[in-house]
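Student: Read off the chains here:
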Amino acid sequence: MAAWQAWGLLAGATGLAAYLFLLKVRPRRIRIPSLLLWGRVLDDKRELTLWERIRRAVSLVITAAIALALGLAFLRPARAAGTTETSRGRVAIVLDSSWSMLARTRGGGTRWDRAIADARRLAAGSSGGEIALATTADGLVEGPTNDLALIEAALDRLTPAGPGAAALPRIAGADSVYFITDGATARPRDETILVRSVYESAANAGITAFDIRPSIGGTTAGEAYLEIGNFGPAQTVHLTLDRGGVQVLDRRLDMGDGEILRQTVGLERGGDPSVRARIEAPGNALAIDDEAFAWFDRARPVAVTVVGQQPAWLVRLFAGNHDVNATFVSPDAYRPGKEDVVIFDRWAPKDPAERPALYFAPPADSWLLADTAVEQKPHWQTAGTHPVLRGVDPFTLTIERAHAYKSPELVPIAQSAAGTPLVYVNRAKDGPRAVVVTFGPADSNLTSVPALPVLAGNALAWLSRPLDSTARRAGLASFEESIVKLTAPGGAAVPLSRLPGETVGVLRAPGFYVAEGGGGGRTTFAVNVSDPEVSNLARTSAGAAEASTPAGGPGQRPWWLYCAVAAFVAILTEWWTWLRRITV
Amino acid sequence: MSLRFQDQFLKKLEYLQVVSRREFAGRNRADRRTPKKGRGIEFADHRQYARGDDFRHIDWKAYKRVNRLLLRLFEEEQDLPIYLILDVSGSMAEAAKFDLARQIAAALCYVGLVHLDHLTILTFSRGLAHESSPGRGTGRIFRVFDLLEKLEAAGPTDLRESLKEFASRSRPVGLTVIISDFLDPGGFEAGLKILRSIGHDVFAIHVASPADRDPGAIGDVRFVDAETGEVRDADVTPRLVAAYARAWETHATELQGFCGRYGMGYVRADTERPFEEIVLQAFRQGRFLE
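Protein chains in written order, with the numbering used here: chain A, 1 to 584; chain B, 1 to 290.
The set of hints was computed from the structure by calculation and includes no laboratory data.
All C-beta atoms in this analysis are idealised placements derived from N, C-alpha and C, irrespective of residue type, glycine included.
You may find that some hints are simply not true.
As the list claims (entries may be wrong) - A few chain A residues that face chain B, going by a derived Cβ cut-off under 7 angstroms, partial list only:
no., residue
1, Arg29
2, Ile30
3, Ile32
4, Leu36
5, Leu148
6, Leu150
7, Pro233
Input sequences plus hints: build the corresponding full structure.
Tutor: If you want it as structure tokens, here you go:
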């Protein structure tokens with residue numbers, strides 16, 4: 001219903017009520033002995049017409065108010081809520097989709113529910129102008145449009161999906177921008193943006209950090225690092241940690257107000273790589289930060305097949321390395337298998353390998369198309385920024401010869417001072433990854449320098465896992481551009497957007513995600529909320545001067561309910577006073 | 001409605017007597033003192049004997065003392081003319097009021113009949129409607145009952161015109177009892193003054209019911225006058241109800257005050273009071289019966 005229609009109906013209802021009030025009803029007939037005395041009384045009473053007029057005026061006003069309140073309750077025009085009146089022109093409504101918006105309020109709903117309700121009021125009060133709807137995580141989700149149904153439908157399907165970018169989405173041509181937020185995540189914003197706060201303080205306990213890191217010494221392969229915050233009154237927090245469904249920790253923690261507790265738990269090699277932490281506490285307004293996930297990728301060693309005639313140096317390299325399970329075969333015996341990575345030692349097949357491969361000084365007759373140019377004593381001056389080269393110290397490395405290759409799929413990531421490529425990676429997005437080191441143990445002191453285990457470790461990690469399995473935060477996330485598919489915990493594919501040099505997607509829920517590279521490599525990684533800013537529901541960056549939405553505590557109920565209650569109370573009052581002839 | 005009283009109540013009534021504050025000459029011998037001198041029991045005076053006087057009334061003892069023939073005079077005791085004027089207008093149509101008015105009339109009649117008073121029963125509304133004299137003796141009370149039972153209340157009230165009509169006929173002056181609610185649009189003063197001016201001892205019995213004082217209505221009401229059928233709309237509020245109650249009390253007080261100023265008797269007979277209590281206590285306290 002358009003606003004003018006709603007207001008017309010309200011005016012009609014009020015006018016009808018006034019007409020009915022003034023309409024004379026058939027009075028009750030009472031037979032009395034004589035009108036003598038009544039005549040005297042009524043004649044005297046006519047002198048008190050001022051009081052009578054006041055009574056009638058009060059009754060008329062109450063009747064009209066009842067009609068108006070009932071009309072407002074039924075029609076619910078947005079302009080009836082004074083604080084929701086929006087300006088004419090294009091209106092942009094930006095919803096803060098931070099996880100903290102899922103915090104429960106005293107009224108029974110969530111901050112998000114209040115934000116949605118407020119957005120509906122703003123949209124309804126837009127006076128027919130265009131409306132654009134955006135969230136901090138998704139950017140523009142609907143509009144600009146003047147079709148309220150589209151905005152309503154978009155509001156129905158929106159859910160919090162993390163804080164998103166720090167800057168608010170910009171809506172071109174917006175005459176007024178409303179930002180509905182709880183202020184948990186501080187954001188720089190323009191002075192012209194009208195902030196509407198849905199903040200309501202709440203006690204909460206949450207997991208503010210959770211991941212797995214390699215053990216430094218000790219007998220365990222890794223350790224889970226856990227951080228729990230209690231943002232509210234002192235309470236007992238029940239912590240459980242399980243690995244593949246097997247509980248490895250069960251503790252009750254007495255935590256004080258504002259206390260942050262850190263815990264590490266050693267993880268044995270082998271076993272299930274999925275690790276899950278969960279807390280329970282009585283004062284806990286936010287559920288999404290009660291569970292955290294981590295993927296222990298070092299639980300299973302990387303399966304490596306080494307193909308070469310003289311792999312003794314690699315045997316020595318992998319000996320005692322529990323993270324690598326190496327198998328050594330000669331070129332004649334090599335058959336492509338299910339290994340994670342193949343290392344070709346100074347040999348390469350005619351065609352590109354079907355599995356991710358690390359090549360050391362491949363021969364010229366391979367698919368790599370060796371160039372005839374060979375640089376003698378190339379000088380590796382600077383380490384590159386590629387993950388394969390991270391931590392590699394080139395200064396201890398002495399190279400006698402380096403070969404160049406002409407395959408168009410190869411991209412050099414490290415070069416000599418003369419420009420001869422020293423390390424390549426392939427840039428094919430839909431094929432298996434490859435790393436080519438243009439010199440071998442015979443061409444350098446590679447076997448005896450610290451750079452070898454670092455370079456080999458990096459290369460194996462990059463080849464076997466297309467993505468770093470370090471836990472990520474939920475929300476908008478950036479990935480390498482080689483990632484072609486991302487699967488959410490429920491099995492649904494996460495929509496990915498290709499940007500220059502990266503792929504972005506929104507990780508909408510905590511859990512385990514599977515990323516697949518173009519070459520068939522898969523990486524599982526965990527996504528957690530794990531943010532003290534989210535878990536601490538007792539603070540807000542929204543200033544006190546900023547408008548609070550009408551909902552809050554008991555006021556979370558819609559405004560029209562108050563209109564209906566007011567009408568009911570007015571009817572009762574009018575009836576009660578009419579019975580006593582206080583009003584007419 | 002049956003007006004038959006119980007024997008026990010009738011016995012109580014027999015001990016009562018209608019009190020008139022003045023002495024009136026009656027028509028027949030009875031036990032009421034009159035201004036006349038005659039053949040009563042009570043000695044009144046002596047006078048000089050004249051020819052033709054009854055020798056039996058010569059006071060021979062006085063003749064012996066003063067040597068003159070003196071005649072003994074006695075007070076004449078006659079009946080008292082009592083006029084019971086009953087309001088049968090529409091305003092008395094309420095059963096409780098009309099029944100009480102007729103019961104009072106019947107009781108007064110019985111008291112009068114016991115004492116051989118000369119009773120005349122009259123009814124009025126717009127004017128005098130009915131007049132009858134049941135005769136003398138308690139046996140006539142049943143005629144009174146029959147008469148009263150047949151009465152119906154209807155029509156407008158005009159007390160002045162009715163009493164003017166009453167006064168216009170030649171009749172002995174006596175005690176006039178008016179049983180009415182005195183709700184006369186023309187006012188009660190003029191009529192009562194007429195009675196007073198022709199020398200009657202007037203006694204007003206004001207019959208009232210709770211419905212007179214409080215109509216029991218709140219809200220928009222259309223009042224219908226029981227006498228004239230005239231209607232009047234009013235929005236009755238508690239304040240208005242209180243004002244009406246005050247107006248009614250003023251009306252009753254004015255009537256009582258008027259009666260007091262003009263030497264008339266006044267008794268209020270409320271329907272919520274038991275009838276016997278009204279007759280045996282209220283009328284006695286009002287010095288109407290003794």
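Student: Would you mind marking each hint as holding or not holding in the structure?
Tutor: So, going through the hints one by one against the coordinates:
1. Interface hint status for A:Arg29: upheld, as the beta-carbon distance to the closest one in chain B is roughly 5 angstroms, under 7 angstroms.
2. A least Cβ separation of about 5 angstroms between A:Ile30 and chain B falls short of the 7 angstroms threshold, and the interface hint therefore holds.
3. Hint status for A:Ile32: holds, given a least beta-carbon distance of 5 angstroms to chain B, under 7 angstroms.
4. At its closest, the beta carbon of A:Leu36 sits 5 angstroms from a beta carbon of chain B; the interface hint therefore holds under the 7 angstroms criterion.
5. The interface hint given for A:Leu148 is broken, as the beta carbon of that residue sits about 47 angstroms from the closest beta carbon of chain B, more than 7 angstroms.
6. Interface restraint check: A:Leu150 against chain B, minimum CB-CB distance 54 angstroms, threshold 7 angstroms, status violated.
7. This hint is violated: A:Pro233 has a C-beta 56 angstroms from the nearest C-beta of chain B, more than the 7 angstroms allowed.
Taken one by one, the earlier hints fail for this structure at numbers 5, 6, 7, listed in ascending order.
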